[in-house]
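Student: Sequence:
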Amino acid sequence: MGRLVPAVTRALDILELFLDGDGTLSAPDIVRKLQLPRTTVHELVTTLAARSYIVQVPGQPGRYRLGVRPYQLGSRYAEQLDLAAEGQQVARSVAETCDETVHVAILEGTDVIYIAKVDSTHAVRMVSAAGRRLPAHCTSVGKMLLASLPDSELSSRIPDGAELVAMTPNSITDPGALREALAEIRQRGIAVESRESNPDVSCVAAPVRDRTGQVVAALSISVPMIRWSDERLAELEQLSAKGAAELSERLGHRSVA
Numbered sequence: 001m002g003r004l005v006p007a008v009t010r011a012l013d014i015l016e017l018f019l020d021g022d023g024t025l026s027a028p029d030i031v032r033k034l035q036l037p038r039t040t041v042h043e044l045v046t047t048l049a050a051r052s053y054i055v056q057v058p059g060q061p062g063r064y065r066l067g068v069r070p071y072q073l074g075s076r077y078a079e080q081l082d083l084a085a086e087g088q089q090v091a092r093s094v095a096e097t098c099d100e101t102v103h104v105a106i107l108e109g110t111d112v113i114y115i116a117k118v119d120s121t122h123a124v125r126m127v128s129a130a131g132r133r134l135p136a137h138c139t140s141v142g143k144m145l146l147a148s149l150p151d152s153e154l155s156s157r158i159p160d161g162a163e164l165v166a167m168t169p170n171s172i173t174d175p176g177a178l179r180e181a182l183a184e185i186r187q188r189g190i191a192v193e194s195r196e197s198n199p200d201v202s203c204v205a206a207p208v209r210d211r212t213g214q215v216v217a218a219l220s221i222s223v224p225m226i227r228w229s230d231e232r233l234a235e236l237e238q239l240s241a242k243g244a245a246e247l248s249e250r251l252g253h254r255s256v257a
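With full-length UniProt numbering applied, the sequence shown covers 1 to 257.
By construction, these hints were calculated from the structure, which means they are not laboratory data.
Backbone N, C-alpha and C define an ideal beta-carbon position, used for all residues, glycine too.
Please note: incorrect hints may appear among the correct ones.
Claimed, not checked - Pair by pair, the computed Cβ-Cβ distance ranges are: (1) 32 <-> 71: 22 to 28 Å; (2) 17 <-> 61: 15 to 21 Å; (3) 99 <-> 59: 34 to 40 Å; (4) 35 <-> 56: 22 to 28 Å; (5) 231 <-> 61: 56 to 62 Å; (6) 162 <-> 59: 51 to 57 Å; (7) 51 <-> 29: 18 to 24 Å; (8) 89 <-> 51: 30 to 36 Å; (9) 99 <-> 13: 37 to 43 Å; (10) 122 <-> 194: 14 to 20 Å; (11) 57 <-> 200: 56 to 62 Å; (12) 75 <-> 29: 26 to 32 Å.
Please work from the sequences and hints to get the whole structure.
Tutor: Structure, rendered in structure tokens:
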């Protein structure tokens, strides 16, 4: 690995400061936050402003905000993103950590479509596969995605009189019961399904968000019942949330602390 260039590192540190607070900074703010010499900050700020990375705030002399260049770079990055490819990489990392099967799925109508899957090293049959479609209400990823919909959109997709297919005896088939389950998922931020799509497997899922904060996918971990327990569930909830957060970050989402 090559040597880091101090001047470039400091310039990037300055740009990252604009991610916090109200998005505006003065040179004294930067000096105080980064503990850099005033002369160094002045030179870096002048250079960043000359290249349109930062601009002066109208009506506030001496204060700066991000300029157009970071937006242009971010837009180009967003254009190159591939949810399936990014999801496959994150799913592989999560699977290596827990040695269970990991999925990433999106919602289409009332079904989920799996766009990424990494298998466990254990030989257990899963009903899912990349590109396969399953009823959303029978899966943890699907319930997570349904829970993210506004009430009006959820009602249009699954009206009160809808007939919900059962994949196992544990599948939810009543729209009212499904709405109750989704309300709990919405509150917890995590979806769990117990043998609802496969009689031998349970799953836990967390939401994946894009740069606007919109839920665009869900990441799940599927575990055979022989390795399922309340203690394992708590571990898997944390791991699925961490994986979903990593994928969200790759898509440009920035969580608010």
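Student: Give a verdict on every hint.
Tutor: Checked hints:
1. Between residue 32 and residue 71 the beta carbons are some 27 Å apart, a value that agrees with the proposed interval 22 to 28 Å.
2. For the pair residue 17 and residue 61, the supplied restraint of 15 to 21 Å holds, since their beta-carbon distance comes to about 19 Å.
3. Range check, residue 99 to residue 59: about 58 Å between beta-carbon atoms, so the 34 to 40 Å window is missed.
4. For the pair residue 35 and residue 56, the beta carbons lie near 24 Å from each other, so the given range of 22 to 28 Å is met.
5. Judged by the Cβ atoms, the range 56 to 62 Å given for residue 231 and residue 61 holds: they are separated by roughly 59 Å.
6. In this structure the hint that residue 162 and residue 59 lie 51 to 57 Å apart at CB holds, the actual value being about 55 Å.
7. Look at residue 51 against residue 29: about 20 Å separates their beta carbons, and that is inside 18 to 24 Å.
8. A hinted range of 30 to 36 Å holds for the C-beta pair residue 89 and residue 51, which are about 32 Å apart.
9. Against the hinted window of 37 to 43 Å, the Cβ-Cβ separation of residue 99 and residue 13 comes to about 38 Å, which satisfies the hint.
10. Our hint of 14 to 20 Å for residue 122 and residue 194 holds, since their Cβ atoms are close to 19 Å apart.
11. Distance hint check: the CB atoms of residue 57 and residue 200 are about 60 Å apart, consistent with the given range 56 to 62 Å.
12. A hinted range of 26 to 32 Å holds for the C-beta pair residue 75 and residue 29, which are about 27 Å apart.
Going through the hint list in order, the structure does not satisfy hint 3, though it satisfies all others.
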